Every structure is written in structure tokens, then in C-alpha cells.
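Since chain A is already given, all that's left is putting chain B on it; use the hints.
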Amino acid sequence: MKIWNFLKRLNARGPAATAFFALILGFIIGALVIIATTAVVLNAWRHVFSSPTAIFSALKVTFDNVGAAYRAIFIGAVGSPSAYSHSITTGQGWTNTIDPLSETLTYATPLAIASIAVCIAFRTGIFNIGANGQAILGGIAGAWAGSMVHLPTALHIPFTLILGVLGGALGGLIPGVLKAYAGAHEVIVTLMLNYIIAFFLLYVTLSTALQQPGQANDISRTIDGSAVLPPIFGTGSGLRVSYGLFIAAAVVLFGWWFLNRSTLGFDFRITGANPHAARAAGINARRVIIFVFLISGGLAGLAGEVQMASTTHFVDGGFLIGSAGVGFTAITVALLGRNEPMGIVWGSLLFAALNVGGRTMQASTGIPLDLAAIIQSIVVLFVASPVLVKEIFRLHTTTEAVQLATKGWGQ
Amino acid sequence: MKKTRVLVTRVFFVTTITGMRVELRGVTKRFGSFTANNQISLTVEPGQIHCLLGENGAGKSTLMNILFGMLHAEEGEIVIDGQAVRFADSGEAVRRGIGMVHQHFMLVPVFTVAENVVLGFEPTKSLGRVNHRAANDMIHELSSRFGLDVDPDALVENLSVGLQQRVEILKALSHDAELLILDEPTAVLTPQEIESLMAIMRSLASAGKSILFITHKLKEVQAVGDVITVIRHGEVVGSVPATTSEADLATLMVGRDVSFSVTKEVVEAGPAVLSLRDVVIRDDRGISVVNGVSLDVNGGQIMAIAGVQGNGQTELVEAIAGLRHVESGTITLGGRDITNKTPRQILDAGLGHVPEDRQRDGLVLSMSIEDNLVLNTAHFRPFAKGWSRNLPAVSSNAADLVERFDVRTTSITADVGSLSGGNQQKVIVARELSRPLTCFMAAQPTRGLDVGSIEYVHRQIVEQRNQGLGVLIVSSELDEVLSLGDRVAVMFSGQVVGVVDPQVGRETIGLMMAGAKPE
Chain A
1 MKIWNFLKRL NARGPAATAF FALILGFIIG ALVIIATTAV VLNAWRHVFS SPTAIFSALK
61 VTFDNVGAAY RAIFIGAVGS PSAYSHSITT GQGWTNTIDP LSETLTYATP LAIASIAVCI
121 AFRTGIFNIG ANGQAILGGI AGAWAGSMVH LPTALHIPFT LILGVLGGAL GGLIPGVLKA
181 YAGAHEVIVT LMLNYIIAFF LLYVTLSTAL QQPGQANDIS RTIDGSAVLP PIFGTGSGLR
241 VSYGLFIAAA VVLFGWWFLN RSTLGFDFRI TGANPHAARA AGINARRVII FVFLISGGLA
301 GLAGEVQMAS TTHFVDGGFL IGSAGVGFTA ITVALLGRNE PMGIVWGSLL FAALNVGGRT
361 MQASTGIPLD LAAIIQSIVV LFVASPVLVK EIFRLHTTTE AVQLATKGWG Q
Chain B
1 MKKTRVLVTR VFFVTTITGM RVELRGVTKR FGSFTANNQI SLTVEPGQIH CLLGENGAGK
61 STLMNILFGM LHAEEGEIVI DGQAVRFADS GEAVRRGIGM VHQHFMLVPV FTVAENVVLG
121 FEPTKSLGRV NHRAANDMIH ELSSRFGLDV DPDALVENLS VGLQQRVEIL KALSHDAELL
181 ILDEPTAVLT PQEIESLMAI MRSLASAGKS ILFITHKLKE VQAVGDVITV IRHGEVVGSV
241 PATTSEADLA TLMVGRDVSF SVTKEVVEAG PAVLSLRDVV IRDDRGISVV NGVSLDVNGG
301 QIMAIAGVQG NGQTELVEAI AGLRHVESGT ITLGGRDITN KTPRQILDAG LGHVPEDRQR
361 DGLVLSMSIE DNLVLNTAHF RPFAKGWSRN LPAVSSNAAD LVERFDVRTT SITADVGSLS
421 GGNQQKVIVA RELSRPLTCF MAAQPTRGLD VGSIEYVHRQ IVEQRNQGLG VLIVSSELDE
481 VLSLGDRVAV MFSGQVVGVV DPQVGRETIG LMMAGAKPE
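As given, the protein sequences belong to chains A and B, one line each in that order. Using the numbering used here, the letters of the first sequence map in sequence onto residues 1 to 411. Using the numbering used here, the letters of the second sequence map in sequence onto residues 1 to 519.
Next up, chain A with everything else stripped away, as it sits in the complex (with noise of 0.2 Å):
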């Protein structure tokens, strides 16, 4: 009883508590995966029916497997407890000791400004699914600037990130133009568009002056040294997290101040939230539909721009394709993050940390990078539906009422 006590007053506290929950269930059910695909645990199982006692040996086998797995995902993301011992006590051996650390921040970096540009559009009622082409058009836009343009790294790095938001305010501007003035429906727009962007990424890649000369592959001309996001602790260091870092910091404080302190972005919120009182209020929904994709789209932008000149420094045809779309991911980490700037901070956290640690535990166990995929559907799939959570859990804080059909009265 005491435990659900205490569960029910961590509900209280809102989102959060029901995000931790949504990824201790995550990780349950990532359990029962590895039971149930796992042959070693599963034949050891197997003996239970014949020897009741092998009972003990098939719960260690399991908890062996799972710890192993979940040990190596951790490891793999923030760093191994002994290493960061041996590292305090000695102070040697950092690099490697905070290189986990480093490679989730890395991931982290776009993931985040992706999806405050995500999550802008959101709280404007807006669904921008285009966010991974805008992302793309940043980073062609980047490089270009950063491989066509020469400039002194003083003027190079921000010409190149401007240009990444232009690019991406490009892509946002088409579905904006179209549903302001056309009435197109955003989601199909923005989603079809994302085809259209990543051919023509083919094509800048293939056949115009910004492909690698010498090179007949998809692969355009690596950024100039002046146009990198240089790493934080010097390129010698072998450790990846960039400058990016604090641009992904600045986003999300952008975020913050643009929807909870500027006056576009209340109308943005009213729109969202009741777009017949905004438009009463004497909001133009056209301007706001516009500026909304130029801002949207302008950060996804600058998200595949920082990928770009931080990672790769290059765009080739699979940039940001497939399983490296941050666009999408963004999408997700928005809705994790309630479309609150700090809540997305630990969205896109959680989520480079599982992906980031996934691959160690892939290479250290055998277990496939997908299992971290499950876990992170489930977190979503649980944060999304709290009634769901609070109902697995117990917690019910207050007779739920029941929606009732009325029109005229209530609500």
C-alpha cells in the first residue's frame, strides 16, 4: 500500500511522473522481449517442466540476460561506473570515459532543435511532418554555403547556419503558401513534400556543381574547415559533441521565450487551441499559417544544418534517410515531451541515449538495435495515453467523469 501511495503522489506531480513511469514499463516489457527471443533464456525455461528446481537457474539466466543487455545500453549511453571511478581517482583516461556521454549528446543535438520546430507547429494546431525534408533542405542549403561560399570561420559558421534556416523556412513556405491561401491539408502537403526533398537531394548531389568533383556518387563537396561546428574539447580530442550543443540550447530556450513570452506566439497558442476565438480576437489565421511554417521550418532547418556541419560535414543521398530521419524521431520526442521545450530536452535525451547505448548493447550482446526502438514505441505509446498508465498502475486520483453527448450544456 505504501508503494502506491507513493506512486499516487509522484502522479500528482504531473507529466513527468507519468513520463518515468511510461519508461519503467518501457523497459518491462523490453524484458519480456529478450525472454522470449533469447534462445539461452528460453531453453533454460525449457528444463523448468522437467525440474522444478532448474526454476532457480532459469530466473538467474534471465536476469543475466536482461541485466546484461540493459547494463550494456547503459553503459553504452552514459559511460561505465568504473571508468568514471578509475577516471575521478586518477584523472586519467577522460576521453574515453565520457565518449558514451559525448556520442549521445551528439545524437541529442538536431534531435532537440528538430523538434521544438516540431513542437512549435504543434501547439499552433499545425502537424509538420515535413519537418525531416526542411531538415534535408537545411543541410543541402549548409553545405552549399559551407563548400561554395569561402569566408573567415567568423563569418562562415553563422553564414552557413543562416542559410540552413533559410533553406528549411523554404521548405516550410511551400506548405504554408498552400494552405493559407489554398486551403491544402498541412499533413499530405508536408508529407509528400518529404519525397520530394529527398530526390532532390539525389539530384544536387548527382548532378549539380555542389557534388564532390572527381566523385560519380551521390556525395556533395565536404564544408570548408571554417564552416564546421568544431567539437567542444578540440578536434584532437576524439570526442564528437560539438558547438551544436549550446545552438540545440539556444533553440530550446528560443522555444520557451517564443511560445510563453512573445506575442506572436500567444497568437500561435490561440489559434492552436481555439481558432474561432482567435480569428475573433482579430488574429489573421493566413499570417500566422505562414509565419508558423517559416519558424517551423526554418529550425528543422537548422537542425539538419548543425547534423550537417557538426557529424558528416558533407550531404550525401542518404542523408537524414531511413532510420536517420530526425525529422521523424522529432515528431515522436515532441509528443513525448508534451510539446513543452524542457520536456523535449528530455525527450530527445531518453531517446539518443537508447539509441546511442542500443548499438553497444548490439555489439556486446547480440541484441538488436531494435530493442531499443521497442522501448522507445512503448514510452511514446504510454505517454500518449496516461489514462492507459494510471489505469495499469492504479492511479486514480479522481472519479474520472464520464464524456457525455450533450450539446447545449457542459462541455
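If you're looking for bench data, these hints aren't it; they were derived computationally from the structure. All of these numbers come straight from a predicted model, not from anything done at the bench. Fair warning: there could be bad hints in the mix.
On the chain A side, residues computed to face chain B include the following (Cβ under 10 Å) [said to hold, decoys possible]:
1) 257
2) 260
3) 273
4) 283
Computed, partial: chain A to chain B, Cβ under 8 Å [as the list claims (entries may be wrong)]:
5) 261
6) 262
7) 264
8) 266
9) 274
10) 276
11) 277
12) 284
Glycine residues also receive a C-beta, built at the ideal position from the N, C-alpha and C atoms.
For chain B alone, kept in the frame of chain A given last:
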């Protein structure tokens, strides 16, 4: 094959039944402290068209949801053929022979008429295949018997609204409905479609079906009804025969008893601040609902528009606020032409607007009281500094207005949706009156409010008029119109029948509301 036969016999069974007597006895329904239905009793005889007449928010829909099993009454009972029943859900109501045609249809657009009608109860052939032939036969049978002409193979999305409604009626009939509830069925129809709906209703009634017809339109009630029950503020105010005159019905609907009075000082009316000239407006269906309205609202004067709902008042208010296109004519506010200007331009020209549907157009329920109090002023000083909102100014504005307008709340950061209807309305009134205004326009300013809030809102309106502001009130409460208005304009079928002094009395105004010109 077997299922088909069952279905056909079911259809034949309908013809042998001789109707059903449905009685509501003392039905009471409360939502929190609000009583939506208070001791409502009415009886629908077999083959009778029983009209339920009342303004929006009078409690008609709540009552019908109770009868259809979607809501449960706190007190009272439903009696069918002398037997008390309790419906756990609408499925049980359907099984007891009650059918409901909702205002918003529940059809699958890409299915055919036949598929929609049999949906969920499909006659099947072997291997679970839908027997389209049997479904079509059934629809032919039903439609020929009740004069409901509709092609069973037509796709629903290709049908006009009127025909879609027939499909809904067919659906109810296919479930052996003996009592059909039609919830504002004419609201979405063109005049021709209304005519044919009425013909259908008559033929259904002559076949022994009972109909509960919900509407707020007097003409329709007289054309088709046998008995008319008028509901106001959740209570039955009268059950009268269909021969009752429109003027009497109108007075019944909008109220007889004086429930409030306002003391007003005499103020000299100033020049016109809001002028309408030959304004013509079409509704969403493209039908012209305001046909050449000319009206002047003077400073220091309350112009009250009276009329039974649905005579163009709603659209007129929307057009003045810039929310609906003006087909022709001009609207000037403080000497500036605001015809078809954007809502922003009209707000800036000095129009205060309290919309009819406050939760839809006036507030963002999920936002705080302080945010709602600057909904249309957030871009101006002192609430904005450059691109940033000045939140301290927003908060102090809210603290001030909540105090001045007596908004009952625990905190200015609480969601406006957590307030009672009366306090929500006070938030809107406070916001609109806190801006510099030329003219203040309020549609149904006290609908659904408790007595205390009504009085408060009225006092505020009169105070503004005393300070020289022009005020335009649209209300379907006759008492409100008579006690507030310095002048009363009566609207009927899209036109101002006349502008009179409220002293002429409620008889005259009742007649005007039914279309009679004042002498």
C-alpha cells in the same frame, strides 16, 4: 438466406404495430448547480407530431438525450405504453423503438445508402457476404411505404443534405422505431427540402409513427405540429395546440414573467456611432438571411434587437464584427466604413464584441484568465514590449479587471474553462470594456447566466451607455430587450420590421416578432 428472411419479416412486423405512447414524467437533470431540465412532463401519443419549441439552451437537447438513453435523469421517469423504462444506453432506447436523427448526421460518406442503413445489422449470404439485394429490397419497401424516395445504390457523399437526412430517417425506421426524435432537422435544410421533410413527417405520422420534432422556428411548428410543448429555462412553460398564433408562441418562448428590471437614468442620445445601410448577408448555405437591414445605433443609447432566433440576428452580429461576408450594403463605425474589413481592423476601429457563443468565439478555455483578458490586445502597449509580452502588465491588468468586474475565481492564472458560465461572460465583458470603444455590441449577453450575473452584466451595459457609448444588444429574451433597450428593433425573416419604443408593450412587440408591421 435465413438472416434475410428474418429481416424481411421484421419489416412486415412494423406494419402490424399500432404505434407507441411515450410519456416523460417529472424529468429533472442537473449539471453541477445548473438545472438543465426541471420537472419536465410531456406525452407523445401514437401517430402524433409533437413539437418541442424553445430557444437554444432552453434544455431541449438535454431532454432528448435523456429520452434516447445518452443521459440519465436525476428525477422522474420515462413511461412507454404504461410501463416505466430505464435506458442504460442508446442501444436500449433503440430496442424499445426510439429512433433519433441527430442534427449532425452519422453516416459513412463513401458507403451507399443501402450499406449505411443496414450498417451493423447487415443481412448476409453464405460466408458472411453482405446481401445487397435484401438490403435494397428492404429500403425499397420502407421508402415506398413512407414516401421517402431515395436510391439505395447512391453513394451518401453524392447526396444533398436533405437526402442524407432521409437516409438517417430510414436507418431509424429499419430498427423498428415507433418514436422518431428529430433534433433541429430543418437547421441544415433549404426551404424546398424543409417542405419535403414535412411531407415525410406527415406520412410517417399517418402510418402510426410518433414524432418528437425539436425546433425553434415558429412557422414549422404551426405547419406540421399536432401539439406544441414550449420549454424555457429547462421548464415546460406551456403545452398548446398547433392553432396557437405565432405571436403567442413567440411570447411563450421568450418569456412572460418579469424576472429582472433595470433602473436607467435619462441620457440624451448622441450622434450615430454604428450605422447599417441596406445590409444583405448570406448564411453558410448561400441563402440570404439578412435582407436589407438599415439601423442606427446612437451614442448614449442602447439599441436592442428583438426577435425569435434564426431571423438573421446571429449573422448580422457576425457581419458587424467582420466574421461574415457582407453581400451588399455598408456598415460604418464612428464614421469609418468597416464593411468587410478584417476583424482586427474593426476591433481597432473601436467595436467591443461579446459573441453569442462565448466558449467558441469569445474565450480560449484552456488558457488562463489573465491571458483571456488580453486575447485581442496582447500586441499593444502596455501588454507588449517589442516582440515580447509584458507579463507583469498582463497580470496587473487581470488583477484589476477581476476585481472591478467581480469575476469569482481563486486565481487569475486559473484556466478560464474552470469558471462558471456567468464568470466566463464577465471575463469577456471586462476585456471588451477595458479597451477604448466607439460601440459595444453584445449578442445574447446573459444567456445561460444565473440571476446575479445577469444583473451585473446589465448594470455594466447601462453604465457604458450612461457614459455616452453606443450599445447594440441582440437578445431573444423579451424581458431583457424591454428593460435594457432605449429603442427596440424587431427582426423577422432577415428584416427589421420596425424600430419602436420599449413602452409600446409586449403585445405589440410579440406581433412584430411574428412579422406584423407596427402601425
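Verification of the supplied hints:
| no. | hint | result |
| --- | --- | --- |
| 1 | 257 | holds, 8 Å |
| 2 | 260 | holds, 8 Å |
| 3 | 273 | holds, 5 Å |
| 4 | 283 | holds, 8 Å |
| 5 | 261 | holds, 5 Å |
| 6 | 262 | holds, 5 Å |
| 7 | 264 | holds, 7 Å |
| 8 | 266 | holds, 5 Å |
| 9 | 274 | holds, 5 Å |
| 10 | 276 | holds, 5 Å |
| 11 | 277 | holds, 5 Å |
| 12 | 284 | holds, 7 Å |
Of the numbered hints listed earlier, not one is contradicted by the structure.
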